[in-house]
Amino acid sequence: MDVRLIIWDVIVLSATGGAMRGPFLARPGIFFGVTVDPGFPRTAEAKGILSVYRAIVVATAIATLITAHVVAWIGASAQGTKAATTFSSFAILFTGQLAAWLIASRQTRRFARQPSLVRTASLQPGERSLPGGLWFFGGPILISLMAGVVLAFRWESIPSSFAIVWDQDGNPIRWASRAASLGVLIGTASLNLLLMWISYKATFQSRSSGSHFQRTSYIGAMAIAYSLSIESIGLTVLNVLNVNRVAIGVNTGFIVVVLPLLIMMSIMFYLFRLSPAVASAREGGFAGDGTKDECWKLGGIIYFNPDDSSFFVESRLGVGWNVNVANKRFWFLLAVVLLGPFALNSILHQVIGLPAFP
Amino acid sequence: MPGALTISIDLNSSVPAYRQIVDAIRSLLVDGVLGPGDHVPPVRQLAIDLGIHFNTVAQAYRVLAEEGWLDLKRRRGAIVLDRTNPASPSKADRRQSLRRFRDLTAQLRSDGVPAREIARHLRKLAAEIEGVC
Chain A
1 MDVRLIIWDV IVLSATGGAM RGPFLARPGI FFGVTVDPGF PRTAEAKGIL
51 SVYRAIVVAT AIATLITAHV VAWIGASAQG TKAATTFSSF AILFTGQLAA
101 WLIASRQTRR FARQPSLVRT ASLQPGERSL PGGLWFFGGP ILISLMAGVV
151 LAFRWESIPS SFAIVWDQDG NPIRWASRAA SLGVLIGTAS LNLLLMWISY
201 KATFQSRSSG SHFQRTSYIG AMAIAYSLSI ESIGLTVLNV LNVNRVAIGV
251 NTGFIVVVLP LLIMMSIMFY LFRLSPAVAS AREGGFAGDG TKDECWKLGG
301 IIYFNPDDSS FFVESRLGVG WNVNVANKRF WFLLAVVLLG PFALNSILHQ
351 VIGLPAFP
Chain B
1 MPGALTISID LNSSVPAYRQ IVDAIRSLLV DGVLGPGDHV PPVRQLAIDL
51 GIHFNTVAQA YRVLAEEGWL DLKRRRGAIV LDRTNPASPS KADRRQSLRR
101 FRDLTAQLRS DGVPAREIAR HLRKLAAEIE GVC
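Sequence lines, in order, name chains A and B. According to the working numbering, the first sequence holds residues 1 to 358 in order. According to the working numbering, the second sequence holds residues 1 to 133 in order.
Computed, partial: chain B to chain A, Cβ under 10 Å: (1) Leu5; (2) Thr6; (3) Ile9; (4) Ala17; (5) Leu34; (6) His39; (7) Pro41; (8) Val43; (9) Arg44; (10) Gln45; (11) Leu46; (12) Ile48; (13) Leu50; (14) Phe54; (15) Asn55.
Keep in mind the hints are simulated off the structure, nothing from the lab. As the structure is a prediction and not an experimental result, all values here were calculated from the model. For every residue, glycine included, the Cβ atom is placed at its ideal position computed from N, Cα and C.
Given only the sequences and the hints, what does the whole structure look like? Please build it.
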């Protein structure tokens with residue numbers, strides 16, 4: 001059986017498990033993105049909504065798996081057909097789970113209650129510190145910098161093109177360019193900087209019910225940053241060492257794919273376990289998160305409030321933050337994220353003279 | 001968020017948010033909880049914490065600055081000034097202030113708060129004011 005098909009099955013089942021758990025990750029008083037009475041999830045009406053939601057999620061998972069396996073069984077060997085299969089099964093999974101959530105959210109709105117809009121703020125200069133301190137915060141960038149130093153020292157000895165994937169007979173079947181290594185490193189370092197900026201800003205500048213949510217969300221974001229850094233080592237430094245035939249005794253495929261995935265899945269599992277306890281530890285006496293339901297679109301997925309100066313608000317889906325898309329800085333940031341890689345590639349190619357990254 | 005140096009506003013209230021902020025901070029200033037030289041958070045930070053537009057907080061700070069309570073500094077937030085006691089208001093200003101006081105008690109009664117309870121709170125408040133002065 002194709003290994004990629006097995007990986008895709010694991011992804012689908014993991015996504016389904018996450019979707020089944022999703023409604024329970026929000027704080028008390030939020031159900032499918034709607035402000036409700038904290039005791040509502042235990043009522044018969046809520047259980048009915050949940051049953052319908054889960055039925056759609058399971059049906060979506062089955063449809064996704066069938067699509068992927070049937071096409072694979074038919075013998076889709078052409079590259080274009082493989083891509084179409086992946087895209088279509090992903091589209092089924094995404095659309096089905098989103099539809100399930102939106103249906104449940106609409107049904108829940110009949111039981112919505114007015115959230116308390118009492119807001120409290122401290123006038124004291126707060127003592128704000130990052131969980132884990134500066135070393136934990138700077139870790140991903142330090143890792144990327146070390147990988148960059150190794151690349152810089154070995155640069156002249158790296159051929160302009162080198163093999164990165166071999167078949168069972170040991171014949172190279174895929175190559176990468178030297179510029180690709182540099183591009184990957186710059187790309188992951190840029191992503192890490194963005195993640196670290198988000199973590200810093202959201203930790204200090206998001207309105208939240210307390211330090212528990214901030215800490216949990218911060219850990220999640222940093223887990224992604226560390227995973228990216230480790231992946232950048234696999235894609236750059238280890239490739240370089242392989243080129244120079246240095247025996248390192250480690251399968252680079254493990255480093256590049258499996259290890260970061262394991263780290264992220266472990267952290268996400270930890271956060272899934274932690275978030276209900278964090279939600280129940282929240283102080284206060286009122287339901288919801290202090291924001292109006294009308295400001296949350298698509299069943300509590302998108303936050304739009306031009307009267308709120310916050311850039312980040314706590315996510316209604318449990319752990320993490322949402323961006324206030326009504327904030328003008330969001331659109332600037334989006335443009336940077338979308339156009340930045342192309343601009344960077346162009347600069348490297350035209351100004352510095354490196355081959356363009358495909 | 002417990003503590004003496006906290007303010008609360010209710011976005012469902014008919015009182016504008018900036019007025020609630022002004023009244024809350026002024027209470028702390030008059031009671032001496034905030035003293036000369038103390039910093040209050042920057043406009044943007046307080047706006048984020050309260051989940052409102054920063055223009056609302058800026059308006060509140062401007063009102064307090066006009067009353068002589070705050071010195072507004074960019075980015076570093078505002079600083080509480082050593083405000084000299086204002087000269088006694090004119091008769092007209094005093095009448096207007098007391099009329100606001102009367103309007104507030106009328107609103108409390110229309111909200112259903114019993115007159116006896118209002119009177120009790122007023123007596124308690126009077127005792128506190130006289131104790132401070």
